[in-house]
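S.K.: Residue numbers (the numbering used here), protein chains in the order written: chain A, 3 to 325; chain B, 3 to 325.
Read the hints as simulated data drawn from the structure, not as lab findings. Each hint can be trusted.
Identical chains share a label here; the pair holds if one copy fits it or two copies do between them.
Calculated lysine to aspartate or glutamate pairs in the EDC-like style (CA-CA distance at most 20 angstroms, straight line):
id : residue 1 : residue 2
1  : K82       : E260
2  : K294      : D159
3  : K294      : E86
4  : K133      : D159
5  : K324      : D25
Number of protein chains: 2
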Amino acid sequence: MERVDVVLGIDIGGTNTEFGFVDKDGKCVLEGSITTNAQEPAERLFERLFAKVTEMELQAGDGLQLVGIGIGAPNANYYKGTVEQPPNLNWGIVDVINIVRGYRNLPAAITNDANAAAIGEMQFGAARGMKNFIVITLGTGLGSGIVVNGSVVYGHDGFAGEIGHVIVVPGGRECGCGRNGCLEAYASASGIRRTVFELLCDDNDASLLRDIPFNQLTAKDIYDAAMQDDAIALKAFEFTGEILGETLANSVAYLSPEAIILFGGLAASGDLLFKPAQEAMESNMLNIFAGKTRLLPSALTNGNTAVLGAAALMWNDLAAAKN
Amino acid sequence: MERVDVVLGIDIGGTNTEFGFVDKDGKCVLEGSITTNAQEPAERLFERLFAKVTEMELQAGDGLQLVGIGIGAPNANYYKGTVEQPPNLNWGIVDVINIVRGYRNLPAAITNDANAAAIGEMQFGAARGMKNFIVITLGTGLGSGIVVNGSVVYGHDGFAGEIGHVIVVPGGRECGCGRNGCLEAYASASGIRRTVFELLCDDNDASLLRDIPFNQLTAKDIYDAAMQDDAIALKAFEFTGEILGETLANSVAYLSPEAIILFGGLAASGDLLFKPAQEAMESNMLNIFAGKTRLLPSALTNGNTAVLGAAALMWNDLAAAKN
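Could you put together the complete structure from these sequences and hints?
M.R.: Set out below in structure tokens:
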């Protein structure tokens with residue numbers, strides 16, 4: 003039997019850490035998940051993780067050859083191989099690559115989840131063949147991965163690509179970062195929830211959402227209500243798409259990408275979000291860019307997208323090392 | 003006598019076209035200028051230009067060896083070698099590189115003036131040794147050249163880097179591009195003039211600027227008034243620096259550059275502009291970027307900066323071709 007080269011992709015989240023063996027075509031051949039236990043030191047997480055990975059290797063037998071490890075994590079620094087003061091993990095500053103090398107002496111790299119998503123789209127998804135594009139991840143927050151000339155933009159310190167923290171409403175909503183008016187406070191799962199509560203205050207439309215308290219309201223509830231023509235939910239998507247689209251027109255002025263790809267939970271809302279976003283982007287676009295940048299949904303639909311992105315980071319590094 | 007390699011740098015402006023022979027250290031050894039005659043076709047400009055260049059070559063004798071040609075021009079496309087619908091020249095779409103090759107069979111490249119300025123700063127100026135930085139050109143308008151990983155960001159179509167057309171005040175001042183609220187309508191020589199007129203309306207301070215009509219008021223007048231402690235002029239610089247600094251904090255969130263370099267007429271105003279810009283940039287900065295991006299004045303002070311930038315474009319391409 004021929005051995006298949008695979009990369010171990012690891013996605014470290016605040017609650018769960020997911021991982022899988024991913025081949026060079028983006029097929030996840032084996033996968034697993036453990037709890038992150040955010041209060042534990044990082045060393046304990048990797049101890050438990052590699053126990054599971056060893057089990058998976060035994061299960062795969064001689065069929066798989068592990069050739070590298072790619073990791074997506076919050077506040078990760080690609081240059082330094084570190085995770086630095088992640089808001090949801092009690093880690094402080096940790097040299098993750100050094101820990102990983104203690105378990106497997108293989109090429110290993112780490113980046114934040116949005117950059118991993120961008121490389122995932124480039125390797126396996128909607129950005130195949132593109133050299134200049136942006137991925138916007140719409141989860142609890144808003145992350146972004148920017149690709150220029152086929153490479154992720156890390157900036158001088160490794161932290162570039164924080165479009166979620168572009169201030170779009172000076173003096174606007176309080177953001178988790180301590181400032182006010184960041185895009186993330188409007189265009190994200192938590193942003194659209196805030197928008198619903200603003201609309202419940204400002205407008206008198208009857209709404210299914212008037213019976214759900216703030217802490218229980220999810221983006222899924224808002225989506226479900228919108229699918230039932232709930233006026234407040236529909237307006238919330240309209241507003242969210244508009245403010246996102248307006249900002250993306252500015253992003254195009256910076257970077258003139260071939261496409262902007264929307265990734266993550268809220269992006270799965272389809273036309274509810276894409277239609278107002280596309281319209282606002284085009285109607286705010288500088289004339290020389292009009293109609294040239296495509297707004298696309300993620301095409302990383304085959305399995306755990308965050309694990310695929312993390313694996314793609316390493317496949318991309320391995321391909322670059324060959325050239 | 004040893005021959006010195008030089009590049010012909012050409013800066014095409016709406017009024018004058020300036021050019022010079024620039025050596026690889028950024029020294030302009032011979033220079034000249036002709037009127038652009040914006041109503042003429044491009045072919046006539048280059049006919050007159052190369053007649054002058056031939057004269058300069060004769061004057062230089064055997065001392066200089068021309069090794070390439072770099073051109074800065076409005077609405078230039080580096081990928082295609084074209085100038086496309088420049089607002090101030092009656093050219094339409096012109097294949098400039100093709101015309102230039104008819105005169106000299108040498109490597110030739112063209113880009114817009116802000117990108118040329120960025121490459122100039124990287125080769126000869128304030129960005130020497132930097133791989134990630136932004137140059138903001140503050141002239142009549144506001145241009146920008148973005149450098150990532152040592153290369154200018156052109157985007158998928160060659161037109162990236164239009165920070166002057168990021169919308170900073172939704173529904174704000176009418177911009178020359180046909181939209182409203184672009185940064186250029188606030189932070190530029192024409193923007194600060196508009197700000198003065200807003201302040202002359204809103205405030206009752208006595209001001210030297212109350213005696214100058216709109217069409218005659220220059221950025222130099224505003225600078226001179228500010229140096230005499232004119233309240234309106236001082237407030238105009240304060241406001242201009244603030245809105246520029248706020249936008250630059252957002253630029254850092256995109257690109258995390260090592261430095262942002264202010265270039266051009268208005269940038270020569272020194273602390274009047276830099277102080278409020280620096281303060282607004284830092285007070286609007288996402289915490290992970292705080293204090294890490296330097297705001298610097300151009301260090302292209304040796305001769306005609308636009309000609310140096312245009313020449314640097316070709317020196318940069320020649321160096322890349324060698325590697």
